[in-house]
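Visitor: Chains as they are written, first to last, in my numbering: chain A, 1 to 257; chain B, 258 to 561.
To be clear, the hints were calculated from the coordinates, so they are not data collected in a lab. A virtual CB, placed ideally from N, CA and C, is assigned to each residue, including glycine. It cannot be assumed that every hint is accurate.
What the hints assert, rightly or not - Here are the simulated lysine to aspartate or glutamate pairs, EDC-like style, with alpha carbons at most 20 Å apart:
1) B:K341 / A:D61
2) A:K2 / B:D353
3) B:K283 / B:E312
To be verified - Rough simulated footprint, nothing fancy, chain B against chain A, three-plus residues with beta-carbon under 8 Å:
4) 5-11
5) 63-71
6) 89-99
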Amino acid sequence: MKRDIMKEVRYGLRNSRFLILFVSILFLAISAPVMNKVFLPMLMKNQLPGITAETLAQMLDMTQLGSMRGYMGDVFEIGTIIIAFTLCGLLAQEIRDDTLVLPLCSGKRFPAIVGSKLLVFGFFLVLTSVIATLINYLYAGVLFSFDVGVGPVLRSGLLLGFHLLFLLSALVFWGAVIRKPIAAGLLTCATVYGTHIAGSLLKIDSYLPSGLFREAQYFSVVPASSILQTLAITIGFVFLLYGLTLLRLQGLEWNER
Amino acid sequence: MIRVTNLHKKFNTYHALKGINMTVKKGEIYGFIGRNGAGKSTTMNILAGLSRPTEGQCIVNGKDVSKLRHPSELAIGYLPEDPKFYAWMTARETLDYLGNSGDNPMTKEAINDILDWVSLNKDADRRVGGYSRGMRQRLGIATALIKDPELLILDEPSSALDPEGRSDVLRLITELKQMGKTILFSTHILSDVERVCDTVGIIVDGRLTMQRPLAKVKREMIVPVYDIVLEEPPNPWLLEALRKHPKISHLSSKETVLSVTTSEPEHFSLELMTFFASHRMEVSSFSRRKPDLEDIFLKEVNGK
Numbered sequence: 001m002k003r004d005i006m007k008e009v010r011y012g013l014r015n016s017r018f019l020i021l022f023v024s025i026l027f028l029a030i031s032a033p034v035m036n037k038v039f040l041p042m043l044m045k046n047q048l049p050g051i052t053a054e055t056l057a058q059m060l061d062m063t064q065l066g067s068m069r070g071y072m073g074d075v076f077e078i079g080t081i082i083i084a085f086t087l088c089g090l091l092a093q094e095i096r097d098d099t100l101v102l103p104l105c106s107g108k109r110f111p112a113i114v115g116s117k118l119l120v121f122g123f124f125l126v127l128t129s130v131i132a133t134l135i136n137y138l139y140a141g142v143l144f145s146f147d148v149g150v151g152p153v154l155r156s157g158l159l160l161g162f163h164l165l166f167l168l169s170a171l172v173f174w175g176a177v178i179r180k181p182i183a184a185g186l187l188t189c190a191t192v193y194g195t196h197i198a199g200s201l202l203k204i205d206s207y208l209p210s211g212l213f214r215e216a217q218y219f220s221v222v223p224a225s226s227i228l229q230t231l232a233i234t235i236g237f238v239f240l241l242y243g244l245t246l247l248r249l250q251g252l253e254w255n256e257r
Numbered sequence: 258m259i260r261v262t263n264l265h266k267k268f269n270t271y272h273a274l275k276g277i278n279m280t281v282k283k284g285e286i287y288g289f290i291g292r293n294g295a296g297k298s299t300t301m302n303i304l305a306g307l308s309r310p311t312e313g314q315c316i317v318n319g320k321d322v323s324k325l326r327h328p329s330e331l332a333i334g335y336l337p338e339d340p341k342f343y344a345w346m347t348a349r350e351t352l353d354y355l356g357n358s359g360d361n362p363m364t365k366e367a368i369n370d371i372l373d374w375v376s377l378n379k380d381a382d383r384r385v386g387g388y389s390r391g392m393r394q395r396l397g398i399a400t401a402l403i404k405d406p407e408l409l410i411l412d413e414p415s416s417a418l419d420p421e422g423r424s425d426v427l428r429l430i431t432e433l434k435q436m437g438k439t440i441l442f443s444t445h446i447l448s449d450v451e452r453v454c455d456t457v458g459i460i461v462d463g464r465l466t467m468q469r470p471l472a473k474v475k476r477e478m479i480v481p482v483y484d485i486v487l488e489e490p491p492n493p494w495l496l497e498a499l500r501k502h503p504k505i506s507h508l509s510s511k512e513t514v515l516s517v518t519t520s521e522p523e524h525f526s527l528e529l530m531t532f533f534a535s536h537r538m539e540v541s542s543f544s545r546r547k548p549d550l551e552d553i554f555l556k557e558v559n560g561k
């Protein structure tokens, strides 16, 4: 497993996957407060000449919390697409290119191959989420004022990270099923947005991974009582998708042309 | 080491293998010859545990491939036709990654030795993405050897290489033979088979049409053919007399040209010349040619 983890770390570093993801999420963390502070008011003033600062403040949530919620929304809407298409080849490309043939023949096992992908990129996404959320918190605090404590911010960063871990496990699962990177990316986006829509419409967010994202967006001092349940369900989904991925891989035939 | 019985493989409606029966004995090099698409790689994939037979039984290293849970249970070395490596890894990292799975992890010294053996030590820290086809093939042979297996399955190891690369790969195969390894290797380069193999199997459209020791093939099938051009067309009674000659196994004639095959080539040319001289037949040309494995292969492929 150690060598599998090292391999995934090398893949992330040498193919700039870590860099692309970190810079993209960091960009969203920095751009959200700037948009809220500078660009949106400027846009509104141009569109509605004569608008007062008071009305503008009522129309836009020009606070640290508003900026942070904006950032969370951006990560969900744009970040999901960036992550899905940056990592869409994580397993699908390996199956497609037959790069798993030699590892399999040399004794590598699917649980270690897939598990190391989830561990390395999952850990990276959770860490990036926490760091980017903290940076967003600090930058929004500097631009507006600090009206949220650091505790809820760290918790929201972690919850967002676990939501992204669910995204990653869906990506690996679809990669094993479809074996086409772009299609796997598209299906992953559909899965993530689909659970969010289903959770909102049917009011079952607390039973779906989308509940983590919704809770992360609140930055509440006292978290919802159902959050541990949602977290457990999300981790359950991750394990379920991991298991289904392994089942699918066991059933495949390799090196066929 | 390998016993294949009535092996069939179907891909949807396409019947790729139609009842293959073959045996590879311990310590031998088995040359598996066939045209592109004949079923060589499909057979080897099944024997390597990467694909499942539709019907039939394959015993590799004492294990039934249909009952495998993982290809590595076969404890063989396998080199695919076009080995796919991680282009962003170096050769040393590749061997370290592949060599450290399961029992008996590979030491740094063992990795250096194997890199040295395939002449890649100088380029061991270069990324594999920048390697030539020949270098990748040598790295492929190195990866097949990382667990020091008794049996190696090499799918077209020398094809698509330049003469130097081919020569390198054949040298490695010869050295492996000297180490006592059993090797099943496929190719469509017949001179490679003649250079290193002990046994030859010819596959045509998913069927093994011939399987014999190379020495036997050479003895029985690669027999000399005498092409004789006479001054005048021979009389029918002369042709009949030739056909009855105890050393002639095959005779064909077209006007003044005769082609004679013998199974006992010793002193045969002298006997043949004496025969024509005693029948007062003038010979304007007499030549002896020896068919090679390619002629036999083409006969198998086109004749069946």
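Visitor: Among all the numbered hints in the text so far, which are the ones the structure does not match?
Guide: Violated hints (numbers, rising): 1, 3, 5; every other hint is consistent with the structure.
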